[in-house]
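Chemist: Residues per chain are reported as follows:
Protein chains: 2
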Amino acid sequence: MTHLTRSYFVKLDEQDQLAHFRNRFQLADDLIYLNGNSLGPLPKAVPRRIEQLINQEWGQDLIRSWNKHQWIDKPTTIGDKIARLIGAGPDEVLVTDTTSVNIFKLAAGAIAMRPERRKIVTELGNFATDLYLLQGLESLLGEAVEVCAVPRDEVISHIDDRTALVLLTHVHFKSGAMWNMTDITQLTHQHGALMLWDLSHSTGAMVVELNQCNVDLAVGCTYKYLNGGPGSPAFMYVSKCHQNQFKQPLTGWIGHARPFDFDDQYQPAAGIKQGLCGTPAVVANAALEVSVDLLLEADLLQVRKKSVAMGNLFIDLIQQHGNWFNISSPVNGQVRGSQVSIIHPAGYAIMQALIARNIIGDFRAPDHLRFGFAPLYLRYVDLWDTVEALADIMAHHIWDCDQFKQHQAVT
Amino acid sequence: MTHLTRSYFVKLDEQDQLAHFRNRFQLADDLIYLNGNSLGPLPKAVPRRIEQLINQEWGQDLIRSWNKHQWIDKPTTIGDKIARLIGAGPDEVLVTDTTSVNIFKLAAGAIAMRPERRKIVTELGNFATDLYLLQGLESLLGEAVEVCAVPRDEVISHIDDRTALVLLTHVHFKSGAMWNMTDITQLTHQHGALMLWDLSHSTGAMVVELNQCNVDLAVGCTYKYLNGGPGSPAFMYVSKCHQNQFKQPLTGWIGHARPFDFDDQYQPAAGIKQGLCGTPAVVANAALEVSVDLLLEADLLQVRKKSVAMGNLFIDLIQQHGNWFNISSPVNGQVRGSQVSIIHPAGYAIMQALIARNIIGDFRAPDHLRFGFAPLYLRYVDLWDTVEALADIMAHHIWDCDQFKQHQAVT
Chain A
598 MTHLTRSYFV
608 KLDEQDQLAH
618 FRNRFQLADD
628 LIYLNGNSLG
638 PLPKAVPRRI
648 EQLINQEWGQ
658 DLIRSWNKHQ
668 WIDKPTTIGD
678 KIARLIGAGP
688 DEVLVTDTTS
698 VNIFKLAAGA
708 IAMRPERRKI
718 VTELGNFATD
728 LYLLQGLESL
738 LGEAVEVCAV
748 PRDEVISHID
758 DRTALVLLTH
768 VHFKSGAMWN
778 MTDITQLTHQ
788 HGALMLWDLS
798 HSTGAMVVEL
808 NQCNVDLAVG
818 CTYKYLNGGP
828 GSPAFMYVSK
838 CHQNQFKQPL
848 TGWIGHARPF
858 DFDDQYQPAA
868 GIKQGLCGTP
878 AVVANAALEV
888 SVDLLLEADL
898 LQVRKKSVAM
908 GNLFIDLIQQ
918 HGNWFNISSP
928 VNGQVRGSQV
938 SIIHPAGYAI
948 MQALIARNII
958 GDFRAPDHLR
968 FGFAPLYLRY
978 VDLWDTVEAL
988 ADIMAHHIWD
998 CDQFKQHQAV
1008 T
Chain B
598 MTHLTRSYFV
608 KLDEQDQLAH
618 FRNRFQLADD
628 LIYLNGNSLG
638 PLPKAVPRRI
648 EQLINQEWGQ
658 DLIRSWNKHQ
668 WIDKPTTIGD
678 KIARLIGAGP
688 DEVLVTDTTS
698 VNIFKLAAGA
708 IAMRPERRKI
718 VTELGNFATD
728 LYLLQGLESL
738 LGEAVEVCAV
748 PRDEVISHID
758 DRTALVLLTH
768 VHFKSGAMWN
778 MTDITQLTHQ
788 HGALMLWDLS
798 HSTGAMVVEL
808 NQCNVDLAVG
818 CTYKYLNGGP
828 GSPAFMYVSK
838 CHQNQFKQPL
848 TGWIGHARPF
858 DFDDQYQPAA
868 GIKQGLCGTP
878 AVVANAALEV
888 SVDLLLEADL
898 LQVRKKSVAM
908 GNLFIDLIQQ
918 HGNWFNISSP
928 VNGQVRGSQV
938 SIIHPAGYAI
948 MQALIARNII
958 GDFRAPDHLR
968 FGFAPLYLRY
978 VDLWDTVEAL
988 ADIMAHHIWD
998 CDQFKQHQAV
1008 T
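Chains A and B, in that order, give the protein sequences. The first sequence finishes on residue 1008 if you use the working numbering, and the numbering steps up by one all the way, no holes. The second sequence finishes on residue 1008 if you use the working numbering, and the numbering steps up by one all the way, no holes.
Hints may contain errors.
Any copy will do: because identical chains look the same in the list, a pair fits if it lies in one copy or spans two.
[As the list claims (entries may be wrong)] In silico DSBU-like links for lysine-lysine, alpha-carbon gap of 30 Å or less:
#, residue 1, residue 2
1, Lys870, Lys1002
2, Lys716, Lys837
3, Lys678, Lys1002
4, Lys902, Lys1002
5, Lys1002, Lys608
6, Lys837, Lys870
7, Lys716, Lys1002
8, Lys641, Lys1002
9, Lys870, Lys844
10, Lys771, Lys665
Hints in this document: simulated from the structure, not taken from any laboratory.
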């Protein structure tokens, strides 16, 4: 490893073909934002769109906006746009509800498609909501479901001919480790099971090819690398090939074939729309559409290339500065998502000390410091400055004061 | 009945103690908005709050806002405020998800609390999503649930000792007919069943006393009389007395006792928070809080008094103008919600002709014209002008032209 210098990072920024995107976000020049894997920043085009939605569409056009401004169509029109970011086709993706609620819909739908099987394989240490929703489904359905949550290195050996569904998060929320989507989906299909990928930490930060990988089902979050805004609605994907068999249990009025007939009997809409349940989140959808449009301007191959390069450089810098931390993420960039996590028992206080210097990453209990690399707005030089700050904090024990040690929850 | 005149309505407005509230909403002077039972108008204080949320909280403070601006607490702080509008106590109401999703949670939770029973009684012609979600639960749970949906006048006779749950909408979405909450809840309890009220068409338009009526469970919509904005999140209520036994199946990470521990095993939060599932809808919550605060300024007894008076006057006016319409709503204001519905086979075209005159009510298939009376911003004189316009449209067959007959869905 050559000894890295700050001027090298400055030069990388000068050559970066994605660098111009930073100006599309509301980010102070002196802010280093390494938390886009938790909450993406504000695209500059959002406030104007929201103002228009609030004042014109809600304020002036009122109820007429459901048709006039296509409020009713947004779950599918934005869904079709997200589809282009994850290798899905039209009418396969829907913007609706939360990732959590969508996991429930898809897992319940999958179990019903494999009535002779009851086993759902997932990973211990998976993002908590994925585990919890499966546990909720197990409690509700009793003997029809058996959740088999095993350590990461045992997942593959537990996928067998009794398996109905495999639910994995493509990029691990803590470590950033990435599953091989092609191989795991293929293995799952060899055993006759269905594959549900949680793309919360993938979408918008890399190329995802759901159709090419023959993925059955997927969910994902839109407020991380999609920059959709705090609590923006999630998406769900059901492969075209399953849409005739697939039935989800949250059969709300907007998922009906003819919602405004107000029939007494539910009849699912054709295609992906059957995944809808209640009234769409109109205001949040408006912000999300702007953010997705922005991401569609970028080349995801370039995005991924920069993301991997940034992760590699960050690890090099951390290692160059001594042995303060264990690296929790894969060192091989090809099997790592768009983040690097490092471990220290005083992780919380160290992150607080960094935040005090306007360098924002996040902390995941008990000991993970997470740094997300969103290639649309992160500068190479930010990596250098972050690790310099980190080294200073460690060398001078700056984290070891009461100011930084009081634990507060952050999402 | 005295023959009514326009000047009488003008005088009523001059004496109206709620009249000053109209100026708190973004409503053009020449607009008559009778659709607040579908989508409430924009409170003038909302745009500024949203701008602050978008630019300052999301744009500047970013991820730190979850704590700094209490994003994480809003489901319960706004829930506690809504509680004051429906006669509930602190920690009994939660703002989360949609009415549809909340119906599923509460109905599933109720069935689990009556394991020896499987019958859920509801009303045919109830708002569609209430019926559909029960049907979804029935499909999912098989023999553990039997949905008994019967005509309105047979509901009472079907509540028996085999009944686990009764789900009724307090005010009917089409007719505006109101159930007697005290009596039905009491009858339900006499049979050992649980009572779930859908308050979508009640909340904010009248006094509701959940605790006084010993109601077990309730849900409701916030974008109608609460003016929370298009697609704003719904609320759910679980009586304190059931919170230790109650378990809902959508066990997402935000409903965990310690969400940021990321434990592998779900453990429900204490109190109403266990009803949370995914990440809260932060932007929508900001608008909703402003709207709820506005409503809390009003005296709900006064609101109800004006609403009943308006309904009575509207019916008088319709009848004074001849026999164009059948009145679908109860003529007795004491058993009517805050709307009057009238019936005509050409209802859709008639409503379109009214809308063309800037008088906005709505249409519910196949033949209901709905007029909602939101006492905070509706003027008495609006009633007069609406019925005058309606009479003109009918007398001159103005609705009977192609312009008004093409059916488009509106929510």
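Chemist: Against each hint, give a clear statement of whether it holds in the structure.
Modeler: To see whether the hints hold, each was checked on the structure:
1. Lys870 / Lys1002: Answer is between; shortest inter-copy Cα gap is 27 Å, intra-copy 48 Å.
2. Lys716 / Lys837: This pair counts as within: shortest intra-copy Cα distance 24 Å, inter-copy 36 Å.
3. Lys678 / Lys1002: Answer is neither; intra-copy 43 Å and inter-copy 34 Å both fail.
4. Lys902 / Lys1002: neither (36 Å within a copy, 56 Å between copies)
5. Lys1002 / Lys608: neither (37 Å within a copy, 65 Å between copies)
6. Lys837 / Lys870: within (12 Å within a copy, 37 Å between copies)
7. Lys716 / Lys1002: neither (42 Å within a copy, 53 Å between copies)
8. Lys641 / Lys1002: neither (34 Å within a copy, 42 Å between copies)
9. Lys870 / Lys844: both (11 Å within a copy, 29 Å between copies)
10. Lys771 / Lys665: between (43 Å within a copy, 24 Å between copies)
The structure is inconsistent with the numbered hints 3, 4, 5, 7, 8, although it conforms to all the rest.
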